[in-house]
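> With the hints as your guide, set chain B onto chain A.
Protein sequence lines correspond, in order, to chains A and B.
Residue 16 is where the first sequence starts when you use the working numbering, and the numbers rise one by one after that.
Residue 37 is where the second sequence starts when you use the working numbering, and the numbers rise one by one after that.
Derived from the structure by calculation, the hints contain no laboratory data.
It cannot be assumed that every hint is accurate.
[As the list claims (entries may be wrong)] One side of the interface only, derived from the structure: several residues of chain B facing chain A at Cβ under 8 Å:
#1 Pro-264
#2 Leu-426
#3 Val-430
[Claimed, not checked] Under the rule of at most 27 Å between Cα atoms (straight-line distance), these lysine-lysine pairs were calculated in the DSSO-like manner:
#4 B/Lys-436 x B/Lys-384
#5 B/Lys-205 x A/Lys-168
#6 B/Lys-460 x B/Lys-436
#7 B/Lys-460 x B/Lys-395
#8 A/Lys-120 x B/Lys-119
#9 B/Lys-119 x A/Lys-168
#10 A/Lys-134 x B/Lys-436
#11 B/Lys-115 x A/Lys-168
#12 A/Lys-151 x B/Lys-205
#13 B/Lys-355 x B/Lys-384
[Claimed, not checked] Incomplete in silico selection of chain B near chain A, CB under 8 Å:
#14 Ala-204
#15 Arg-213
#16 Glu-215
#17 Val-244
#18 Ser-266
#19 Ser-268
#20 Asp-269
#21 Met-413
Built from N, CA and C at the ideal position, the CB exists for glycine as well.
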Amino acid sequence: MNTLQEKALLANLVRKLRENGSWAGQTHVQKAVYVLQEARHVPMRFAFVPHIYGPFSFELQEEIGELLADELLVLEPQSAPFRPKLAVGELGQCYITHFAHSLRKHEKDLDFVAKKFGKRGVVELELLTTALYVIKNRKGQDQDLARAITEMKPHVTREEAQCALEEAKTLIRPGAKKRIAASAKK
Amino acid sequence: MAKLEHEIRDPIHVFVRITNEERKVLNSKPIQRLRHITQLALTYLVYPGATHKRFEHSVGVMHLASSVFDVITKPSAVKPDVKELLPQLGDKGLLPYWRRVLRFAALCHDVGHLPFSHAAEKELLPQGESHETITKKIITGGQMQKIWSNIEPPIKAEDIAKIAIGPAKNPGVDYSRWEVLLSEIITGDAFGVDRIDYLLRDSHHVGVPYGTFDHYRLIDNLRILKEPPSDSDDTSNGGDIALGMEEGAMHTAEALLLARYFMFSQLYYHRIRLIYDVHLGDFLKEWLPAGRFGANPDDLMASTDNEVGAALWRAAFGKRRRGHAHARRIVEHDHFKILYQPTPEDRKACPEAGEVVYKALCREFGEEYFKHARKRMLGGAHDFPVLTKLDGEVSSSIAKSEVLQKIPSISVDCVYSDPVVSAKAQEWLKEHRNEVLSQEEEGAA
Numbered sequence: 016m017n018t019l020q021e022k023a024l025l026a027n028l029v030r031k032l033r034e035n036g037s038w039a040g041q042t043h044v045q046k047a048v049y050v051l052q053e054a055r056h057v058p059m060r061f062a063f064v065p066h067i068y069g070p071f072s073f074e075l076q077e078e079i080g081e082l083l084a085d086e087l088l089v090l091e092p093q094s095a096p097f098r099p100k101l102a103v104g105e106l107g108q109c110y111i112t113h114f115a116h117s118l119r120k121h122e123k124d125l126d127f128v129a130k131k132f133g134k135r136g137v138v139e140l141e142l143l144t145t146a147l148y149v150i151k152n153r154k155g156q157d158q159d160l161a162r163a164i165t166e167m168k169p170h171v172t173r174e175e176a177q178c179a180l181e182e183a184k185t186l187i188r189p190g191a192k193k194r195i196a197a198s199a200k201k
Numbered sequence: 037m038a039k040l041e042h043e044i045r046d047p048i049h050v051f052v053r054i055t056n057e058e059r060k061v062l063n064s065k066p067i068q069r070l071r072h073i074t075q076l077a078l079t080y081l082v083y084p085g086a087t088h089k090r091f092e093h094s095v096g097v098m099h100l101a102s103s104v105f106d107v108i109t110k111p112s113a114v115k116p117d118v119k120e121l122l123p124q125l126g127d128k129g130l131l132p133y134w135r136r137v138l139r140f141a142a143l144c145h146d147v148g149h150l151p152f153s154h155a156a157e158k159e160l161l162p163q164g165e166s167h168e169t170i171t172k173k174i175i176t177g178g179q180m181q182k183i184w185s186n187i188e189p190p191i192k193a194e195d196i197a198k199i200a201i202g203p204a205k206n207p208g209v210d211y212s213r214w215e216v217l218l219s220e221i222i223t224g225d226a227f228g229v230d231r232i233d234y235l236l237r238d239s240h241h242v243g244v245p246y247g248t249f250d251h252y253r254l255i256d257n258l259r260i261l262k263e264p265p266s267d268s269d270d271t272s273n274g275g276d277i278a279l280g281m282e283e284g285a286m287h288t289a290e291a292l293l294l295a296r297y298f299m300f301s302q303l304y305y306h307r308i309r310l311i312y313d314v315h316l317g318d319f320l321k322e323w324l325p326a327g328r329f330g331a332n333p334d335d336l337m338a339s340t341d342n343e344v345g346a347a348l349w350r351a352a353f354g355k356r357r358r359g360h361a362h363a364r365r366i367v368e369h370d371h372f373k374i375l376y377q378p379t380p381e382d383r384k385a386c387p388e389a390g391e392v393v394y395k396a397l398c399r400e401f402g403e404e405y406f407k408h409a410r411k412r413m414l415g416g417a418h419d420f421p422v423l424t425k426l427d428g429e430v431s432s433s434i435a436k437s438e439v440l441q442k443i444p445s446i447s448v449d450c451v452y453s454d455p456v457v458s459a460k461a462q463e464w465l466k467e468h469r470n471e472v473l474s475q476e477e478e479g480a481a
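Chain B extracted, bound-state conformation:
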């Protein structure tokens, strides 16, 4: 007898079980392509273990998404005031449909990624395009439509795309409260399973322990809650809903958000990793026809890390090949070195000190010798609803947790230089630093 369910071995979740329908999607070209897209771009040049791919991450996100769904829709976990706002929770006929939509959306949420994931995405796609817009095109496009239309009971591609992308990246599309909640399960700032999976998985592969936390307890204590009041006159009793948690498991949320802080500071915004991203972006701009990827899903399907990696390798050893200089830097580990990072005093004197110093150095020595990387960890305001133990009321997490109040933000501002001019540039900057920082004219940046 044919199997109805299949198991995938996974280093994080041990077994991930999938249905026959999900296997059809898993075997589709857009998902299989993710076997050839690294999760962390060129991070493996710094942390050699970081060679895992978006494929296994997508499978993990699917697994976690339904785990969260099952916990938060359990009748005993739903408060009456929430049920009133979300009638879907009481519709036993409808819940299985949305569970399937959620799992498909989670599996497909990364299909629009460019080779080497996020690296320089903004500059490498036509204006207005992002990996989310391409994800939407792929999910609702002809190739996937064939799969969706053969699935029983029927499922709408548009529902899957909406939940995979979320309202913030899907302008012009109306979301119901229920759809916002489902997309929050995947993309949410606080408890999105995309985040939960990548922290655990990246930490495992890279070999740094900072990304781990008790995700079993965390997920088991997630709840759909009304938002806490926004001010002392807020009598709406929180008209909106969000994913929150029971107070008793707050330490797991604190651990998750601390893990995120450490992973960003030690791994994702590692200064050498960032300069490799810049070199890779520069290579792609020279190597790609017209300096960009197209946003056509069919073209993108033919493009993975393999093709780009092979071209990068060839370009590194062929002086006449397009992108040679940048490719050589990556392949020979001859990346630009950090020259300047603003001090707090510099930033007070000059709001975007890194940008200003970078421009001054370019003017003095030539722009081919310098690069600038500016990154911020967003979504760090860890404000989510908490169901309090004593009175069963909902409170802001920030009001309840001193740990969350103290998790620092991350803002990286680095100027790098070609080693051939580093010493001279350093000396020049030492001499002219104050002058450069004070000369910035209002509105120059």
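So that you can see chain A by itself, here it is in the shape it has in the complex:
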């Protein structure tokens, strides 16, 4: 995927998140891209690091900044105290149309993530993507992974961590599981 197609894909993701009821703030988009890239294997190039709000990519943050500068995305102010939502700008819509062919390849994955994430707030997404991060980057049985989550997020109970792990596994596209197991072994 080249950089223009990637921009179009991000615009399309924001559009689909909004259509599915998501707030679609920057944090929601960060989490959705993490799942697309790491669990659905949509070929993007963002490096994610563990962060207080779950996996986070500074590169993606910069890319969203570029999309805003180019007006592919726009910020929609919300009433106080809430942070703004992202929406697709007129130019973003042009990108989506222009790159419709290459976007079709990833349509199902985008729909899957947008539906899963549409109704969920950042607190849930943070836990879910942290669980996915742990699956991808830690070795061990489920109980070890659940412990790893509670170490990263002390406010999360062991039961909540366990549930998040179960759900995170369902985000992984069949066929991608082997690759994830291999990356955790490394």
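Below, chain B without anything else, positioned relative to chain A:
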């Protein structure tokens, strides 16, 4: 009796006071080298006053960094929920250490800059290197280690490097919440003192008034705040913290961000300044051995604007010298001229219209006649926490300020041409513009 403190006269901050320890760092080779690196590269060819150097900017950033630190760590300015998340704020023994680290980090934050600062940095350094990676090497390298190890009480070079660079440019290094906050004081998008100083200083030297704002009031009203909620289900009450401000001083933040907008649109992304950057980058690629600078700090220490400037001057007048054609353009002010900038309609028809037109012109006339510059002002999403006056709750700045909602973004896309083909190219483009813009194949760029 020997002085414990020294004063530096500064056109922006009047007096900057430094300790004996800081003077040792100030006198080190990496910092002294910044006396020979212009802050704004070749901008002085457009704005003759823009000859100030990174040295005085670094001193100014150090001064502002501790001003911010003193305001935001003042016990009366810290909310209990923040203190809970940042125990360092209650540790009176530790705060002076971090204040020193912050000032050293601010002083050193630019030491890795190439000659002529940012110009074409990506193409002129080995892959994976940037001025930040070199800054880190210099701060933690042997020469500076000698200074750090002689400082009492001891100070860790790694702490200074972390705060100077920030987590975004320091992959693979873990940052605590406290370290993220300290690095935000220097590098932050909204209130980073790097930005505050360069806007004020560049504006002063260049002679444009757009970069000024009431930075005294701004700094005095900065606060460490929890992030506002990210959505209506966000019950975490903002688990993260950031630099924010009291609502009563919002107009100073608006003025800062408007100043930034004007400085980028009028100065940093001035179309002629951008083409000089391109010519300079082309000169360096021909003049440097292997077309790049090395990333070894010792080699970089021997390289300043002086050596590059002298070589540029010689090359401009010696037809057989490497980089002659590009050097001559700069020295004789015979730069390429703007040929094309996409209209909003062009961009709708063709997402990267500038790139596509540039390539089409190169195919038609030859690539030596055209240059392309693409720039965007990033970090323009002015979303920071605001402590509201009425209820003491934290809100998003964008929800509170109509001005911030309306500050435009900046995206520059320019194709330049050699004046010898400008007329022909213009004519050709007039005839083929629609065809060129509609012919772009998906994924071509």
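> A closest beta-carbon separation below 8 Å is what the hint needs, so does B/Pro-264 meet it against chain A?
holds, 5 Å
> Let me know if the C-beta of B/Leu-426 comes in closer than 8 Å to any C-beta of chain A, holds or violated.
violated, 10 Å
> Quick check on B/Ser-266 please, does its C-beta sit within 8 Å of some C-beta on chain A?
Status holds, d = 4 Å.
> Going straight from one Cα to the other, do B/Lys-460 and B/Lys-436 come out at no more than 27 Å?
Violated, because 52 Å separates the two Cα atoms, which is more than 27 Å.
> How about B/Asp-269: closest beta carbon in chain A under 8 Å, or not?
Interface hint status for B/Asp-269: holds (3 Å vs cutoff 8 Å).
> Can B/Ser-268 be said to touch chain A, with a Cβ gap under 8 Å?
This interface hint holds because 7 Å falls under the 8 Å limit.
> For the pair supplied as a hint, A/Lys-120 and B/Lys-119, confirm whether the alpha-carbon distance does not exceed 27 Å.
violated, 49 Å
> Within a Cα-Cα threshold of 27 Å, do B/Lys-115 and A/Lys-168 meet the stated pairing?
holds, 23 Å
> Under the criterion that the straight-line Cα-Cα distance not exceed 27 Å, is the pair B/Lys-355, B/Lys-384 satisfied?
Distance ~44 Å between B/Lys-355 and B/Lys-384 Cα, so the pair is violated.
> Once the shortest beta carbon distance from B/Met-413 to chain A is found, is it less than 8 Å?
holds, 6 Å
> Was the hint right that B/Val-430 lines chain A, CB cutoff 8 Å?
holds, 6 Å
> Between B/Lys-205 and A/Lys-168, does the CA-CA distance stay at or below 27 Å?
holds, 25 Å
Comparing the model with each numbered hint stated earlier shows that hints 2, 4, 6, 8, 13, 16, 17 do not hold.
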